[in-house]
Amino acid sequence: MAVPQGRGRNAAAGGLCDQLNRLLNRTVTRARVVATRSGQQVNLELREGGQPGAVVRTRHGRLILCLQQRITASDSARSRVVVDTVRYRYSLAVDRDVDALLRWDGHHGPRPTEHPYCTHHLQGTLAVELPRAAARLNDFHVPTGHVLIQDILRFLVADLGVRPLHQDWDRVLNESASAS
Amino acid sequence: MTLPEDLRDALERGTMTEDQIRQLIELEALELGLDYEQAVSMVKDGTMPASPLGSSIEFLVELLAA
Chain A
28 MAVPQGRGRN
38 AAAGGLCDQL
48 NRLLNRTVTR
58 ARVVATRSGQ
68 QVNLELREGG
78 QPGAVVRTRH
88 GRLILCLQQR
98 ITASDSARSR
108 VVVDTVRYRY
118 SLAVDRDVDA
128 LLRWDGHHGP
138 RPTEHPYCTH
148 HLQGTLAVEL
158 PRAAARLNDF
168 HVPTGHVLIQ
178 DILRFLVADL
188 GVRPLHQDWD
198 RVLNESASAS
Chain B
287 MTLPEDLRDA
297 LERGTMTEDQ
307 IRQLIELEAL
317 ELGLDYEQAV
327 SMVKDGTMPA
337 SPLGSSIEFL
347 VELLAA
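These protein sequences, in sequence, are chains A and B. Here the first sequence stands for residues 28 to 207, numbered as in the working numbering. Here the second sequence stands for residues 287 to 352, numbered as in the working numbering.
There could be a bad hint or two in this list.
Under the rule of at most 20 angstroms between Cα atoms (straight-line distance), these lysine to any residue pairs were calculated in the SDA-like manner [unchecked claim]: (1) B:K330 to B:Q309; (2) B:K330 to A:V113; (3) B:K330 to A:Y144; (4) B:K330 to B:E304; (5) B:K330 to B:T301; (6) B:K330 to A:T140; (7) B:K330 to A:D126; (8) B:K330 to A:H134; (9) B:K330 to A:R181; (10) B:K330 to B:A351; (11) B:K330 to A:Q68; (12) B:K330 to A:E141; (13) B:K330 to A:R138; (14) B:K330 to A:G77; (15) B:K330 to A:V109; (16) B:K330 to A:T146; (17) B:K330 to B:G319; (18) B:K330 to A:G133; (19) B:K330 to A:S65; (20) B:K330 to B:L316; (21) B:K330 to A:H142; (22) B:K330 to B:E298; (23) B:K330 to B:L313; (24) B:K330 to A:P137.
Looking from chain A toward chain B, a few residues come up when the C-beta cut is under 10 angstroms (computed) [unchecked claim]: (25) S65; (26) G77; (27) Q78; (28) S101; (29) R130; (30) D132; (31) H135; (32) N165.
Keep in mind that the hints were calculated from the coordinates and are not lab data. Glycine included, each C-beta is placed from N, C-alpha and C at the ideal position.
All chains, full assembly: derive it from the sequences and hints.
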């Protein structure tokens, strides 16, 4: 996302925050994403009642949806501020102090030399049956490619049965994903 | 976990001082039975649990270090 420089870096980060909130508030939760800034870096995090994550009611029971993004806002040519997502984590957990059942992680930029794994991957505590042993998703870094938050919200509605907050949720997700 | 009013206000505004970010890390670490130093150390070691609270702490610690 790029915005005119006159609006400044804080406004650019705030604009992205607003976009995420419009998306969330028309699909699965009325909780809001808040921005926390330090220098050029900004954390965007979904919070409810001050706590990380928001409750979503799935057909399998209550889960905590977490959304975290690290973004940078920097000046670029042609007097614009460019906002880049440098890291994201989306997860679903049964409670706030329990490891996530499913967790989508992604890093942009150079791969950390200490980790040979895919930089965009899926992990979690879900059990996996293998021919010789039982395992968990946490034992692997299942490659995913870049995952959009729109994909996670669609997964919540279409697969986990979360009741959408607005009847045009499908159009909202499609349009938002196309613009990403 | 109940956040102090000033911390909740700062979160809503999106304008937290470094001290407030540290305070938030400390409160969330307490929920996991950790103190601030232990939480920072676990994030640096890559051993912070991948729970909603652990993930929040991880991103906040990295933000302070950035």
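Interface restraint verdict for A:G77 against chain B (beta-carbon cut-off 10 angstroms): A:G77 check passes; min Cβ-Cβ to chain B is 4 angstroms, inside 10 angstroms.
Straight-line alpha-carbon gap B:K330 to B:G319, limit 20 angstroms: 18 angstroms, holds
20 angstroms Cα cutoff - pair B:K330, B:T301: With Cα atoms ~25 angstroms apart, B:K330 and B:T301 exceed 20 angstroms; violated.
Given hint A:Y144 paired with B:K330 - CA-CA distance at most 20 angstroms: Given pair B:K330, A:Y144 holds - Cα atoms ~18 angstroms apart, limit 20 angstroms.
Pair hint B:K330 and B:Q309, alpha-carbon separation not exceeding 20 angstroms: With a Cα-Cα distance of about 18 angstroms, the restraint between B:K330 and B:Q309 holds, given a limit of 20 angstroms.
Pairwise hint evaluation, A:D126 against B:K330, where the allowed Cα distance is 20 angstroms at most: Distance of about 18 angstroms is within 20 angstroms: holds.
Given hint A:N165 near chain B, where the shortest CB pair must fall under 10 angstroms: 8 angstroms, holds
Given hint A:E141 paired with B:K330 - CA-CA distance at most 20 angstroms: Roughly 13 angstroms separates the two Cα atoms, so the pair holds.
Hint consistency between B:K330 and A:V113 [alpha-carbon to alpha-carbon, up to 20 angstroms]: 18 angstroms, holds
20 angstroms limit on alpha-carbon distance, applied to hinted pair B:K330 and A:T146: 18 angstroms, holds
Status of the A:S101 interface restraint (C-beta, 10 angstroms, chain B): Violated: closest Cβ of chain B sits about 13 angstroms from A:S101, beyond 10 angstroms.
20 angstroms limit on alpha-carbon distance, applied to hinted pair B:K330 and A:R138: 17 angstroms, holds
In this structure, the earlier hints numbered 5, 9, 14, 15, 22, 28, 31 are contradicted, and the remaining ones agree with it.
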